[in-house]
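A.B. asks: So the sequences go chain by chain: A, B, C and D.
Mapping of the first sequence onto the numbering used here: residues 1 to 483, in sequence order.
Mapping of the second sequence onto the numbering used here: residues 1 to 483, in sequence order.
Mapping of the third sequence onto the numbering used here: residues 1 to 483, in sequence order.
Mapping of the fourth sequence onto the numbering used here: residues 1 to 483, in sequence order.
Hints are computed from structural coordinates only; laboratory data are not their basis.
Any given hint could be a false lead.
To be verified - Computed list of chain A residues with no C-beta within reach of chain B, every gap over 10 Å:
{"#": "1", "residue": "Q55"}
{"#": "2", "residue": "R60"}
{"#": "3", "residue": "E108"}
{"#": "4", "residue": "M126"}
{"#": "5", "residue": "Q132"}
{"#": "6", "residue": "Q133"}
{"#": "7", "residue": "Q138"}
{"#": "8", "residue": "T152"}
{"#": "9", "residue": "R153"}
{"#": "10", "residue": "P241"}
{"#": "11", "residue": "H450"}
Stated by the list, open to error - No more than 27 Å apart at the CA atoms, straight line, and that leaves these computed lysine-lysine pairs for BS3-like:
{"#": "12", "chain 1": "D", "residue 1": "K72", "chain 2": "A", "residue 2": "K198"}
{"#": "13", "chain 1": "A", "residue 1": "K128", "chain 2": "B", "residue 2": "K198"}
{"#": "14", "chain 1": "C", "residue 1": "K11", "chain 2": "B", "residue 2": "K342"}
{"#": "15", "chain 1": "D", "residue 1": "K11", "chain 2": "A", "residue 2": "K342"}
{"#": "16", "chain 1": "B", "residue 1": "K198", "chain 2": "C", "residue 2": "K11"}
{"#": "17", "chain 1": "B", "residue 1": "K381", "chain 2": "C", "residue 2": "K11"}
{"#": "18", "chain 1": "B", "residue 1": "K72", "chain 2": "C", "residue 2": "K381"}
{"#": "19", "chain 1": "B", "residue 1": "K381", "chain 2": "B", "residue 2": "K342"}
{"#": "20", "chain 1": "C", "residue 1": "K198", "chain 2": "B", "residue 2": "K370"}
Idealized CB from N, CA, C, for every residue including glycine.
Number of protein chains: 4
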Amino acid sequence: MLTTNPFQDDKLHEECAIFGIFGNDEAAAHTALGLHALQHRGQEAAGIVAFDGAQFPAHRGIGLVGDIFGRKSVIERLNGFAAIGHTRYSTSGAPMMRNVQPLFADLEIGGLAIAHNGNLTNAITMRKQLVQQGCIFQSTTDTEIIVHLMATRRGSVVERLTSTLQQIEGAYSLVVLSQDSLIGVRDPHGVRPLVLGKIGENYMLASESCAFDIIGATYVRDIEPGELVVINKEGISSHFPFVPQQQRFCVFEYIYFSRPDSIVEGISVYEARKRIGIELSHESPVEADVIVPIPDSGVPAAIGFAQGSNTPFEYGIIRNHYVGRTFIEPSDEIRHLGVKLKHSANRAYITGKRVVLVDDSIVRGTTIRKIVDMVRQAGAKEVHIRIASPPTTHSCYYGVDTPERNALLAANSDVDSMRDLIGADSLAFISIAGLYRAMGQPERNGEAPHYCDACFTGDYPIQLTDQMGEPDKRQLSLLTEFN
Amino acid sequence: MLTTNPFQDDKLHEECAIFGIFGNDEAAAHTALGLHALQHRGQEAAGIVAFDGAQFPAHRGIGLVGDIFGRKSVIERLNGFAAIGHTRYSTSGAPMMRNVQPLFADLEIGGLAIAHNGNLTNAITMRKQLVQQGCIFQSTTDTEIIVHLMATRRGSVVERLTSTLQQIEGAYSLVVLSQDSLIGVRDPHGVRPLVLGKIGENYMLASESCAFDIIGATYVRDIEPGELVVINKEGISSHFPFVPQQQRFCVFEYIYFSRPDSIVEGISVYEARKRIGIELSHESPVEADVIVPIPDSGVPAAIGFAQGSNTPFEYGIIRNHYVGRTFIEPSDEIRHLGVKLKHSANRAYITGKRVVLVDDSIVRGTTIRKIVDMVRQAGAKEVHIRIASPPTTHSCYYGVDTPERNALLAANSDVDSMRDLIGADSLAFISIAGLYRAMGQPERNGEAPHYCDACFTGDYPIQLTDQMGEPDKRQLSLLTEFN
Amino acid sequence: MLTTNPFQDDKLHEECAIFGIFGNDEAAAHTALGLHALQHRGQEAAGIVAFDGAQFPAHRGIGLVGDIFGRKSVIERLNGFAAIGHTRYSTSGAPMMRNVQPLFADLEIGGLAIAHNGNLTNAITMRKQLVQQGCIFQSTTDTEIIVHLMATRRGSVVERLTSTLQQIEGAYSLVVLSQDSLIGVRDPHGVRPLVLGKIGENYMLASESCAFDIIGATYVRDIEPGELVVINKEGISSHFPFVPQQQRFCVFEYIYFSRPDSIVEGISVYEARKRIGIELSHESPVEADVIVPIPDSGVPAAIGFAQGSNTPFEYGIIRNHYVGRTFIEPSDEIRHLGVKLKHSANRAYITGKRVVLVDDSIVRGTTIRKIVDMVRQAGAKEVHIRIASPPTTHSCYYGVDTPERNALLAANSDVDSMRDLIGADSLAFISIAGLYRAMGQPERNGEAPHYCDACFTGDYPIQLTDQMGEPDKRQLSLLTEFN
Amino acid sequence: MLTTNPFQDDKLHEECAIFGIFGNDEAAAHTALGLHALQHRGQEAAGIVAFDGAQFPAHRGIGLVGDIFGRKSVIERLNGFAAIGHTRYSTSGAPMMRNVQPLFADLEIGGLAIAHNGNLTNAITMRKQLVQQGCIFQSTTDTEIIVHLMATRRGSVVERLTSTLQQIEGAYSLVVLSQDSLIGVRDPHGVRPLVLGKIGENYMLASESCAFDIIGATYVRDIEPGELVVINKEGISSHFPFVPQQQRFCVFEYIYFSRPDSIVEGISVYEARKRIGIELSHESPVEADVIVPIPDSGVPAAIGFAQGSNTPFEYGIIRNHYVGRTFIEPSDEIRHLGVKLKHSANRAYITGKRVVLVDDSIVRGTTIRKIVDMVRQAGAKEVHIRIASPPTTHSCYYGVDTPERNALLAANSDVDSMRDLIGADSLAFISIAGLYRAMGQPERNGEAPHYCDACFTGDYPIQLTDQMGEPDKRQLSLLTEFN
């Protein structure tokens, strides 16, 4: 039924968010609220699996968290003292129920639920092996590889999980719910985020700290790269099953993915974006009348740019939030109106003005082009664009929905060509050096940079096993189900 | 949403029907029509998996076949030259999507879809073993055991299936769709039915021959007990992978399950029912004014009884077919009206009359009691009941939804007590001997009776492995999902 | 969404059923059950309006009565001590919510709800007049004319209704619910049925007596032609606001519309049909092996024919009741399968036999043709058709959905041509004289026949005002709403 | 199904928006887009009626414009060269289909569709009169009074409308679609807005100019108070059927209702809000570290306040837009979390800071209290509140959803008590004088103020006929329908 993705825009997308809580009588309700706060990371499907000491009540659905879990009767059926949850941004086509997480399995040692944020880089390779061994996959998710590996190991949940982690490569954070514990894992490089929180005596895990704020919980700390934490009746314990690696946290979490009010690796996301805006105003200054953010994600950098350049900050572009789930434009004649469904020019601050538009990133360049066009039609005298990230030149294989390289504008054009294509008077991106400076990090060290910045540099910290050798044309599943 | 099963009645229920076709451009459309004709065997859910040479398009849903597959767009997406389908009567609770067949698996050797009518008697035992080996079950169906066994064997589809069949016990008919063939299997005793048909050059398989009539196909023959047929581009070939067993076809197929216009094991179901009615009129004659069937299933036996006793046959009870999917009676005061939602007395042929009510069977006795009451209120002078089957005294473990033994009226009461409880002036069942006579079989031979008649005799032809030893309390799945 | 009318068949259709009850705490529940029993008269939409002493809670919907009113919460909201209800067979296109009855209006004298079975023959004429006066129509129903006339009269409900009845022409039965009473009206000729029932001390009205049986109420009497009954706290009172007219009850109610277990004008419908079958066996005997009804409506006449001709009655055609709400045939190649979705041949009693097919009527002849074809394919030696009504040669304008005259097979062909077209070996209809004889009436008197038999004779008892003069092309409403 | 209004907040709500276009082949598509842009004025239901020269295709539904009109098939069925549309904010209870506009009537002179923004102040009085005359109301909307008055007048559409306008009192803008023209009307005081736009040669009407921007049309002018414009094949003509009145445009349109990018009566809404913020910073200065808007509506005034006070503007509160259609909090224990579903504190700019929160208005005070609490929990040193409107002390009867007076915080408390109740360190509202100054108007003249500011002053420009005399307890309709 969903004919157009209302969230379709010219952005990279974090594919998922995860949440888990143990020891709390309102486990499912807290999980639903936590997922609600994390929906900027994935709003197409969501699920919760709880555990009541005997059964694992579960509910999964397509749509917004509020719509899936908003009815009291749903939360009441998700009875239990522990729960994990997941929200999902599906990468292609209609979302399929069989891919909605958490996944669940009845193992020899009891029930097991898993939710996963990230991507395995040896998923196809592993899946092939497992199918050869007789494993039957229900979904096309990477996560199911972890489930099958755990099913075919021996020992306790922690032993099976530890053994499984040796087999998989990639960038991931996991929450696992078994009959006696909630487990959280972060990959050895710590590419994807995972934070620990506490409400009363109960621990919880989430992709971002904003999930704690909504329920009045407190942020304790980030789970460390390569750390595995076990939360059960005895409390919390830490394990480090991997060979230690250089930390390479995803810098795009600061640029766009995380919510501005989250604290990530100890740094305020909003503050980071503002500092990038200030740095950008110094690197690429421009004489202008007004600094205009492309809402909502461009706002903090635009405030920074305005403060750094001492130029007025104004809402020159208004965003319409009532987009609904579907909007097909009815004919070719008015198809070009597309972008205006979401944005419109606030003429009072555009007409006759020299305008600086600030946005967080450019991926394909489709939206920015239409916005520049709209701003010019509204009578802007000059249109300058400042982007609060370096040019996005490489695809991400670590759990982010990026287009193929040939669709990335910056992978195929230099800045001058991009400017012409977009139709701006000037265009500038923050430099890599400026980005590290703004983040308060030392100069980027080629040997051991602090962040994963592969989308800007092509320097991939984790081996891309599935990308090597001949491209494997085999689809993950021969089943094409309609529902 | 389904609050009352409109098909809930005092009947045993065949749990499933299956259908398969190979080599036909309209494979899915023919399968949908075949399933439509087989809905008396299961009308709560249905599914079709097709094969187009590369992919296996599939669609499964809850509800009637016409509602699930009635839209042209659905059939068009089920593109392919081969297809199998399944309709399901779910035994307890709300039907769950994850149990709707056909099941599908991506195996090392390609895609595999399976649909199954019947029951494995060692399902719990096998499931435990497979879970210990690391298999992950998605459904709670017996059928998934077959899928996992095939996934973990080696060799071709036929080799894997043959090897699998050695492991399982029970009463079953299967249709299997692989990348190169459609396969049909009937269990060694031939308890559950499976027939072969042909349209043009294309073979098809179905639970009953009425599925061929609807599409203008012709009935070729019954698949033999223990036979495995492979239908592919080369044509059809027969295999007999089992040690030969005494045939024990389910006699209840004649009494109630099969459609009256089906030909089963060479015998017309309608004719069989009529002959039972005639036999019953000789065994238990009664002086009466009118023979009244309990519609619709009692009709053929009532016609036989009327002919055998030379008494007028009349529709003294009218059935309302517009029952809809839900009907909750709104209060205690009118709850007792329940049965009238479906049946009403045709006073013109009841008032002042000596009435013989003929039905096919009595399970719990709940419906017949209300009908006798209704007929008495309508002014019947006498009410006699004649049942066209022996007393149902034992549960079925071979793919039929029967209540626990203590809910079977005949398991706990003799015929006199039953008559008093039901409130009839007389009550008689056909005898076992009369039943075999009516079916044209020699006298029942305790060593090797022709039919499975365990529900009347307790003589179970296939070992009930799961019923032996201590009852295993473990549920099949710890997951309780709501959707 | 409804793409094919599953009830589409070659029948005339009664367009509606009505029900009303006063003084009962379970008014809405009883009304829902009464409507359930009346669904053979209209199963596409239904509605109930109750009255609780202050408000008129209402619920109307598209679909089966059980689906619209099956949930307890719905009935509970329809609180009140009086209620009226309606089920509807919509004549063309998708059913529209705005035409679902009962209609309701807030009048100067309080709330008013009306439900209507029948047709006004001066509806277009009256509607035009009312629109000129400034009345705004919401529906395209005849019933709304009555509502507007009542709104613009003066005086009490009964005075307004009496005055209104002087203005309208047609065949109708009405139930009206006002703030102090339930009113029932039958048109002066009594063309459409309306019966009075009683449960405890409470009176009720219904289109047929089978609506009383379902709730354990008793049939009191038929409302007389031209009678207006007022049921309120004081009890029941009778009024006769019309100039008395010759009674002309619709004979097709006996032939097809009414349920076989209903008593109409003192005669059992089932008995009437059987007597027609007997009469027909004498009028048009045929040497045959088996008498086969076309189910379900042909059954009573076939039993009569079998008894009258002393030939075995057998279910040679089986009907599939699981038709669902939609069934599009997927391609031209299998479109001709249409009829088999509902009927199939029971070969055991067809092959090699001389078969007499008995049905109640032939309208367009489409279904009978396919059935004869099916029966021949099943190997019948001879196929004879006997129809338990005279040839249907004229359209009905009195509340029955009939095709235009040029679509009526008998209006355009004599019996021999019809037989050839249908492909039967012989074809016979009951004669008009035979019909009256079977009904126990004196020979049809051209001056004052006992029944309205216009569909067979063209003798229309009520003036067809809207059919006179030039055909008025103006549509009833310029609004075409989609929902 | 809608259990919690996701738009429920502490705001006054404009109840409707209207749109109309004539002479354009994409009339319905443009109307859908126009309504999409106007949804901030009403997002619970929407409808479109088009005219194709013969029929009036229509579609109305509950929900967002994108969901109701997003499918191509819907727009295609709304064929025609003219259309009007409406979006609705329903004031109480579940939205009812029968109240969804545009309303439609088949009049003697042809079809007529009407959509209406505003409120009639003599609606109950007129409705009573019309019911006495025999008019039947289908809805409980004021708009239907206009329809009935037009139906019972004589002459052309314009004559009937002119005559109707003499009878009604209130604040309203109307669009009317007849068989030959699109008509727009604005009430004599011009309380509610209506603007004229043009695309190519085609005129259009809308509540706000932002509806023109989305489709690339140009704003021509505001319709004048008391003006009636007729748009047809001949072009556009202006009529002034009323005695001229002092203009009294609703000042709250600037404060909250209109979209910031709209130009209303020649003034940019965003600019007006900013100027109020600046004025407020001068009237009620405060020593602070950061100016924080309550998003989204407080943003322009906060930017103004920041500029006026030379204090940094920061997004100290983050809003979650993924609220979905339902969200019931699952238990008392976490019910107090309510507000956090929508807002969260951005600690980096709150902790240890002296914070000025800027919002547009306070109605009940419920939301601001929770926000102050949240900001204090996040560690703010001081919390000051500045409100960009005067205290809201009176209810609106002119088409705005306001609570009863006793629920208005400012109607019952002085500013000091409000500050204490809210828990702020200081609280200030813009003064009436400051508001007029910011709007660039001369000092408020008691005789003839430029704006309707009754919600702040109690000075109601239009007589409240329905509010005079004894309160009339009679409900508008006795029908309570559930669907």
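A.B. asks: With reference to the structure, classify each hint as holding or not holding.
C.D. replies: Going down the list of hints, with the structure as the test:
| no. | hint | result |
| --- | --- | --- |
| 1 | Q55 | violated, 5 Å |
| 2 | R60 | violated, 7 Å |
| 3 | E108 | violated, 5 Å |
| 4 | M126 | holds, 14 Å |
| 5 | Q132 | violated, 5 Å |
| 6 | Q133 | violated, 8 Å |
| 7 | Q138 | violated, 5 Å |
| 8 | T152 | violated, 3 Å |
| 9 | R153 | violated, 8 Å |
| 10 | P241 | holds, 21 Å |
| 11 | H450 | holds, 39 Å |
| 12 | D/K72 <-> A/K198 | violated, 49 Å |
| 13 | A/K128 <-> B/K198 | violated, 38 Å |
| 14 | C/K11 <-> B/K342 | holds, 23 Å |
| 15 | D/K11 <-> A/K342 | holds, 23 Å |
| 16 | B/K198 <-> C/K11 | violated, 34 Å |
| 17 | B/K381 <-> C/K11 | violated, 37 Å |
| 18 | B/K72 <-> C/K381 | violated, 38 Å |
| 19 | B/K381 <-> B/K342 | holds, 23 Å |
| 20 | C/K198 <-> B/K370 | holds, 22 Å |
The structure shown violates the earlier hints numbered 1, 2, 3, 5, 6, 7, 8, 9, 12, 13, 16, 17 and 18.
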